[in-house]
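*Asks:* What follows is each chain in one-letter form.
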Amino acid sequence: MGFNKTRLLRVLLALFFIFTLNFLIPRMMPGDPLVFLMGEDVVLDPGAMDELRVEMGLDQPLWRQYIRYWGRIVTLDFGYSYHYNQKVSALILSRIPWTLGLMLPVILLGGILGMVTGTLSGWKGDSRLNRGFTTLNLVIYSTPPYFLALACLYVFSVRLELFPLKGFMDSGTLPDILHHYFLPVLVLTAFFASRNFLLMRGSVRQEKKKWYVLRARSMGIHGPRLVFGHVFVNAALPMVTMIALDFGFLFSGALLVEIVFSMNGMGILIYEAVLSRDYPLLQGIFLVITLMVVLANLAAEICYHRLDPRLRIQ
Amino acid sequence: MLVALWAGCARPTENPLPKNRLKIGTVHRVKSRNILFDKALGVFINLSHPHLFALDPDGEIRGLLSDDYRVSEDFTRWTFRVRDHYFWSDGLPVTASDVTFSVKYVGRHVPSRRWMERSLVRTEVLDPKTAVLVFDQPRTNMDIEFTSFPIIPRHVWENIPRPRFYSENRQFIGCGPFIIAGMDLNAGVIRLRKNSYWKGPRPALEEVEIHMYHNLDVLSLALERGDIDTCYKYADTYPYTSAQRLAETGRFTIKKTRTTGLTFIGFNLKRAPGNQLGFRRAVARALDYREIQKLITSGYGDPPGAGFVPRGMPYFLELEKPTRDPGEAERLLEACGYRDSDGDGIRENADGKPLKLVLLSTTRHHRMSELVAEYLGGVGVEVELRIVESATWVAMKDEYDYHLTITRTTPWGMRMHAGYGTGYFDARRTGEGVLHTVSDPAFLGICDSLLAVRDPKKKKSLARALQQYYARNLPAVALVQRVIVTPTNVRFTGWYHDPLFGIFNLQNFLTVRPAHGIQ
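Those protein sequence lines, which keep their order, are chains B and F. Note that numbering that gives the first Met the number 0 has the first sequence beginning at 0, numbered continuously upward. Note that numbering that gives the first Met the number 0 has the second sequence beginning at 0, numbered continuously upward.
These are calculated hints, taken from the structure and not from any lab test. Careful, some of the hints might be misleading.
Said to hold, decoys possible - Restricting the straight-line Cα-Cα distance to at most 20 Å, the calculated cross-link-like pairs of lysine to aspartate or glutamate (EDC-like) are:
hint, chain 1, residue 1, chain 2, residue 2
1, F, Lys193, F, Asp183
2, F, Lys103, B, Glu54
3, F, Lys269, F, Glu72
4, B, Lys86, F, Asp37
5, B, Lys86, F, Asp183
6, F, Lys22, F, Glu208
7, F, Lys22, B, Asp169
8, B, Lys86, F, Glu383
9, F, Lys38, B, Glu271
10, F, Lys458, F, Glu72
11, F, Lys38, B, Asp31
12, F, Lys355, F, Glu333
13, F, Lys254, F, Asp235
14, F, Lys198, F, Asp83
15, F, Lys456, F, Asp57
16, F, Lys232, B, Glu271
17, F, Lys355, F, Glu398
18, F, Lys269, F, Glu383
19, F, Lys22, B, Glu54
20, F, Lys22, F, Glu205
21, F, Lys103, B, Glu50
22, F, Lys459, F, Glu59
Isolated chain B, as found in the complex (with noise of 0.2 Å):
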């Protein structure tokens, strides 16, 4: 695979970057934390305040926190969020099922329908139909999923009162769960697979005038198998980026989907983890998506492997 010491070099000292980032950032934020824990209309005691930064470990100069962050990465630990009230590790356990049940799906499904289609319109030419499907697109794309959503809930939950209105889930079962989660996904899907759709098209179209292409239909080879089986393959490398990235921001890309559709999933956890500056929580969440990011880059990395194999060769 050509996976050597100096790309796992290279991966270790990302790591070590980012997750000193990751401690950083929270930090260089403006506001105390400890003042959202008390409430809009209270008038402190500073006394209490020292006391709880004493217990929060906010009292302990910097670097000596940053020591005690890198122990909670290795052991996996990263204490209590300060406004939720329970562990950090499970608290995002808690949430990454719901976010995965949510974003899985989109991805894979957009993935797949963008592709499929931004390959067949890239590859046929223009006709009525095609402008239209390119121009619907087009128009998803442009606008933020956030309307989508709200445009979508109206008409099928208020309107016609198909959907739910909110959350993951009322009684729990699976129809119940799959009931609450269609819209969304629905809508997400729409939004990532006009994106796909786009870029596949526009990749599909450059593809289609390289020599190769020309050589392979002077070997015979045509239709579902020159489309497929050679222009979808080298017009699919800048999606394998695209669908990479997705990964990458599996939990953090739903926020606006989130706040819609009142889910209580990562991205409303992280949204509210910055608002009011929980630094354990931060630091935990962006520990996972540091990770998802690096073994996104790396799926990608393999991926291209195998589908370029000039990359092999090299």
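Following the hints, put chain F in place on chain B, whose structure we already have.
*Replies:* Frame of chain B, contents of chain F only:
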């Protein structure tokens, strides 16, 4: 995919909504199953954990869990009597020991209440229903404090050393008419059912459900669709513009309640030009209060008086309402030495530098800030808007990194510290929404005197002196007194709003009932 399509289109069979189940929508987010540490849950447990006292619509103290209290002449010894008919939902009676335990336990563990433990010298239980709290210094307003202080069952909490991380269902044992029967944060629902040991007036409601939404637009759609019967936001209103739309459906009554919450401009009194009285007066004269009322509150708000303390607070003093007079504002600015010497429309200070001020506010007050900037621009004061999120606002105002700021008071905030909004300005204090800008001995003296008296006559005189101080010295300019608009489904009637918690008060859930003849 097919399964998802099927699930999406197959609507689960819904039971018809029971007539006496009330569903309340809210944008407050309960983050943890912890009644002592979760701020939103701390309001919702008003139904299960009554406070010792409550405020009546006139802002006067009335008994709730306690029907009687006495205070010693030096205000250090408070004696409370717990009502006989209160029982915890596991069948045990509420006792004086629960009260003394709550004061010590909550005071020890909850940071915002830690001052209580610090100033408590000792507690006594005179008999099963009579509790005594002895403080190290005169405490004249403990009755107000106990309108929001949680009373919890000793037998449940005494063996829990770290309440911050406690999430078991036993914490839901309460003594109010309703208790929390279930909480599903993934579904965004809290369910309350009747407390079978409740001996007070029987509520007409069987169940109460609290539904949490992440944004007001969807909450409005839920109201329109009939998923919820009303909505609740602490110290805040349902959007004025959406209320009319709901009223037009004929299925909602729109209740308007004047609150003691204000939106106001606070001056940074630590630096020029905020430390110049003439400048503060000029700002007060430059503002168009009528237009603010029209544009920001759609006509629902009330123009405030000059004395900062809003109508509805005890001992409110009717002072002349501030009016817009740009000419007078310009004259006052000239008198302070701010003149437009180069004719570019922007005034300069004595050093010849343009008078450019930083107006700090949060996204909540974005439009209001734009309006204020426009009014000040009209009299030659250039304003740079800094609209930031709450954490940054707190950091910047604590570092006095602004000239003007727009923020709000809440009904509780108006009563904290010495009351009448003093908690927002007293420079000896700090807190999330507190400006701590006034260190004038005259002001601090009134605060200390207010903290030291209970005699209504003396209190009235001091409250009036304070309002005159506000009007004379303008540490802040009130922009609008908010009116809270609450849409309620016509299926229910008998709503009761209290000055602190709006509809989320215990009395309301005893009086709300299904309306006759309406399905």
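*Asks:* Take the hints in turn and mark each one as holding or not.
*Replies:* Structure-based check of all given hints:
1. F:Lys193 x F:Asp183: Roughly 18 Å separates the two Cα atoms, so the pair holds.
2. F:Lys103 x B:Glu54: Holds. F:Lys103 to B:Glu54 sits at ~19 Å (cutoff 20 Å).
3. F:Lys269 x F:Glu72: 39 Å, violated
4. B:Lys86 x F:Asp37: 15 Å, holds
5. B:Lys86 x F:Asp183: Given that 20 Å is the threshold and the Cα spacing comes to 18 Å, the pair holds.
6. F:Lys22 x F:Glu208: At roughly 5 Å apart (the allowed maximum being 20 Å), F:Glu208 and F:Lys22 satisfy the hint.
7. F:Lys22 x B:Asp169: OK: F:Lys22 and B:Asp169 at ~14 Å, within 20 Å.
8. B:Lys86 x F:Glu383: This hinted pair is violated, its Cα atoms lying about 42 Å apart.
9. F:Lys38 x B:Glu271: 14 Å, holds
10. F:Lys458 x F:Glu72: 15 Å, holds
11. F:Lys38 x B:Asp31: Measuring from Cα to Cα gives roughly 18 Å; hence the hint holds.
12. F:Lys355 x F:Glu333: 15 Å, holds
13. F:Lys254 x F:Asp235: Given that 20 Å is the threshold and the Cα spacing comes to 13 Å, the pair holds.
14. F:Lys198 x F:Asp83: Within the cut-off at roughly 9 Å; holds.
15. F:Lys456 x F:Asp57: Holds - the C-alpha atoms of F:Asp57 and F:Lys456 are around 18 Å apart, at most 20 Å.
16. F:Lys232 x B:Glu271: 18 Å, holds
17. F:Lys355 x F:Glu398: Since the Cα atoms of F:Lys355 and F:Glu398 sit roughly 19 Å apart, the hinted pair holds (cutoff 20 Å).
18. F:Lys269 x F:Glu383: At roughly 19 Å apart (the allowed maximum being 20 Å), F:Glu383 and F:Lys269 satisfy the hint.
19. F:Lys22 x B:Glu54: 39 Å, violated
20. F:Lys22 x F:Glu205: 11 Å, holds
21. F:Lys103 x B:Glu50: 17 Å, holds
22. F:Lys459 x F:Glu59: Roughly 14 Å between the alpha carbons, so the hint for F:Lys459 and F:Glu59 holds.
The structure is inconsistent with the numbered hints 3, 8 and 19, although it conforms to all the rest.
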